[in-house]
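Residue numbers (this note's numbering), protein chains in the order written: chain U, 92 to 520; chain V, 92 to 520.
Treat the hints loosely; a few may be bogus.
Where chains are identical, the list cannot tell them apart; a pair therefore holds if satisfied intra-copy or between any two copies.
Unchecked claim - Listed below are the simulated DMTMM-like cross-link pairs for lysine to aspartate or glutamate, each with C-alpha atoms no more than 25 Å apart in a straight line:
(1) Lys142 <-> Asp368
(2) Lys113 <-> Glu489
(3) Lys113 <-> Glu131
(4) Lys214 <-> Glu188
(5) Lys214 <-> Glu121
By construction, these hints were calculated from the structure, which means they are not laboratory data.
There are 2 protein chains.
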Amino acid sequence: MTDRPLRIALAGLGTVGGGVVKALGARARELAVRAGRPLEIVAGSARDRRKPREFPTAFAWSDDPVALAHGDADVVVELIGGEDGPALALVREALKEGKHVVTANKALLARHGTALAVLAEEKNLALKFEAAAAGGIPIVKALRESLIAYGVVAVRGILNGTCNYILTQMEATGRPFADVLKDAQKLGYAEADPTLDVGGGDTAHKLALLAALAFGAAPDLGAMAVQGIAHITPEDIGFAREFGYRIKLLGIAKMTAQGLDQRVQPAMVSAGTPLGDVNGAFNAVVADTGAAGPFFFEGRGAGEAPTAGAVIADLVDIARGNIGPAFGIPARALTALPSAPHGSATSAFYLRFQVLDVPGVLAEIAGRLAEWRVSIESMIQRGRAPGEAVSIVMITHETSHGAVEGALQTIAALDHVMAPPCMIPMEAG
Amino acid sequence: MTDRPLRIALAGLGTVGGGVVKALGARARELAVRAGRPLEIVAGSARDRRKPREFPTAFAWSDDPVALAHGDADVVVELIGGEDGPALALVREALKEGKHVVTANKALLARHGTALAVLAEEKNLALKFEAAAAGGIPIVKALRESLIAYGVVAVRGILNGTCNYILTQMEATGRPFADVLKDAQKLGYAEADPTLDVGGGDTAHKLALLAALAFGAAPDLGAMAVQGIAHITPEDIGFAREFGYRIKLLGIAKMTAQGLDQRVQPAMVSAGTPLGDVNGAFNAVVADTGAAGPFFFEGRGAGEAPTAGAVIADLVDIARGNIGPAFGIPARALTALPSAPHGSATSAFYLRFQVLDVPGVLAEIAGRLAEWRVSIESMIQRGRAPGEAVSIVMITHETSHGAVEGALQTIAALDHVMAPPCMIPMEAG
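Based on the provided sequences and hints, a complete structural model is requested.
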């Protein structure tokens with residue numbers, strides 16, 4: 092143990108930044124023992140210095156976060172957020188100035204991760220981001236350092252607590268998406284502008300990082316099909332339950348014969364499986380390592396302590412000199428892996444059609460599906476309402492996403508089909 | 092990336108050792124990229140050189156494993172097993188000779204972990220053991236390096252795949268322990284001498300390591316109450332199911348106001364919880380970090396690939412220079428934490444009494460429980476068989492283990508109680 096502290100500059104003093112300050116204070120002695128040296132916050136920056144805070148800010152203050160890159164810290168912690176702007180400027184400057192970086196910023200790394208990792212490695216600096224994916228779950232370290240002997244063949248995760256909370260509440264209460272979202276906003280489980288969460292964008296950012304760690308693929312949002320949960324209805328959730336499934340927003344990255352399949356979409360996951368049983372605001376990841384089998388990780392993915400804890404674990408790593416490449420392999424070795432062509436992934440599907448209850452409409456739908464060689468395993472049409480709208484629900488056999496999309500496009504154009512059909516793939520949990 | 096390989100000496104070429112040889116061969120290029128340098132097996136040792144093996148042994152051979160400590164390897168991998176004998180001699184010699192050590196040997200570390208860690212740290216050498224607890228699940232690294240910011244307040248795990256397989260089969264088939272064990276032996280899920288597994292000893296070894304990582308407690312088997320699963324009956328499993336529980340052999344280490352509570356025992360775990368739903372030969376661990384919440388890990392805990400994968404992850408850590416103390420804090424800082432006094436732990440209990448169905452027996456049992464202030468939440472007595480043996484099953488309110496033990500001792504001595512009563516605590520899953 093050396094007495095030379097690891098000097099930390101902290102940009103962003105919101106929930107997570109405050110958590111870091113508090114935990115480094117409250118557990119200073121224990122953490123110094125773990126780190127082999129004290130961890131000391133020497134500088135900080137936030138938007139408003141005068142804002143009342145429930146923790147001490149007895150460090151050098153900078154109104155300009157980017158100035159922290161030029162101070163005397165060993166490591167800069169970036170908790171500003173945003174994929175560009177001051178966050179990017181700070182991280183870039185800090186690395187240029189020879190400072191290690193810890194960040195919780197998934198958007199930043201999903202866009203600029205490769206370039207920043209190259210910059211870090213040129214100077215043998217750490218660029219660590221445990222807090223950026225699945226919060227407190229140590230999945231970044233697990234993929235980077237542990238599940239490496241046999242390679243990873245697939246990663247599937249519930250990576251957005253807001254979406255999982257909303258879907259869980261929809262199942263529990265039977266209420267529609269918009270109502271549950273409003274309540275979640277009141278309770279602080281969803282942001283005032285929920286787009287990034289419920290639209291799947293946040294999940295996509297995190298998935299890009301997990302895919303980079305698992306497959307050595309440069310983070311590539313462009314390669315990803317992204318769908319949110321706003322179109323999921325209580326009816327879908329009810330039918331899912333009836334078939335023994337739950338609807339979860341999954342981030343999926345899977346190596347296939349056609350290339351790397353990366354997508355974010357609501358999926359039917361069997362109840363009683365690890366992912367199927369993840370409720371509320373929790374996050375979870377399955378990493379399938381082929382020969383060594385699947386590994387499952389679950390825990391809190393957001394909030395003060397889980398996220399601050401992940402930041403602190405990265406700081407202790409750096410204090411101990413565990414640097415290593417950001418994504419587990421040299422950044423220059425990250426490759427643009429060929430993407431699986433859109434629609435080439437295969438799975439069974441849940442399909443829901445809203446149709447006018449007139450003779451022949453079922454035959455028409457079945458005919459279109461048959462043309463695209465989508466075969467039906469089971470069907471539910473409940474109640475009759477001649478001349479009115481009813482739902483027809485089908486479960487298909489395994490088929491390509493492209494075939495289902497093709498069939499649904501022709502079905503959507505049929506006279507008696509009254510709303511865009513809903514398609515949800517069944518995925519392993 | 093340097094070209095200087097990490098030179099590995101491998102003692103023990105059974106299932107796991109063979110897996111290490113095969114994976115280092117098959118994935119040499121990928122692993123060299125992850126490790127920053129090639130991983131090369133330069134020497135090996137096993138009991139019988141002439142035994143046919145399905146992998147090449149084109150390295151320097153030594154009939155005496157301990158001789159590997161004196162060769163030119165950078166790191167010795169100990170896969171011999173056994174808590175003393177050649178395993179201990181090799182690890183001790185290797186560290187004395189300045190070689191890093193990777194081992195899968197939980198028995199060795201549970202007995203000699205502190206002394207060996209001291210030896211390693213004196214020379215700034217790694218002593219890594221990811222494979223020793225929960226096989227492929229990276230729980231050693233998670234506790235050592237990730238879940239550190241807020242400390243761990245409790246660890247609970249299903250750490251022995253053989254026991255979990257047997258209990259799962261007992262539930263699925265309704266057959267008694269002895270029969271299911273015999274089948275498990277035929278299928279290779281249980282050893283010819285199953286004592287260490289089904290008696291709880293193997294779980295105790297692993298728990299000692301997890302407790303050391305989580306609490307900084309020197310591994311201490313003497314501080315641990317250990318009970319196996321041989322006394323669990325299909326009837327217990329049936330009642331558990333009726334109450335919504337499953338019986339799991341848990342290793343539990345929990346910080347309490349009275350001290351560190353460490354024990355291995357069958358527990359009732361609610362179905363629908365992470366641990367309650369772990370079936371078959373899988374392992375799983377819940378690490379409760381207080382402020383940052385519980386984290387759950389599940390995966391294969393034994394077998395060639397999961398265990399070899401854990402060994403290889405340790406080797407890559409060493410190749411990268413990630414040394415650090417074996418238990419996350421300096422070995423000399425590991426303390427003999429005060430143990431919670433025997434019986435001080437509290438939980439609700441499942442109790443089963445085999446009694447002669449005569450008037451008054453229930454009143455007698457209830458009376459004894461009341462004397463020890465054990466209060467009953469619910470009771471089942473199914474069927475009457477006047478003059479014959481029947482089972483009475485009770486669920487208690489939360490109470491101390493000591494009180495239940497005291498009450499059961501007096502109840503066991505009652506005239507109409509025909510077998511030692513069975514007590515199984517309910518534990519969180």
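Results of checking the hints against the structure:
no.	hint	verdict
1	Lys142 <-> Asp368	neither (41 Å within a copy, 47 Å between copies)
2	Lys113 <-> Glu489	neither (51 Å within a copy, 35 Å between copies)
3	Lys113 <-> Glu131	within (12 Å within a copy, 45 Å between copies)
4	Lys214 <-> Glu188	within (9 Å within a copy, 34 Å between copies)
5	Lys214 <-> Glu121	between (30 Å within a copy, 23 Å between copies)
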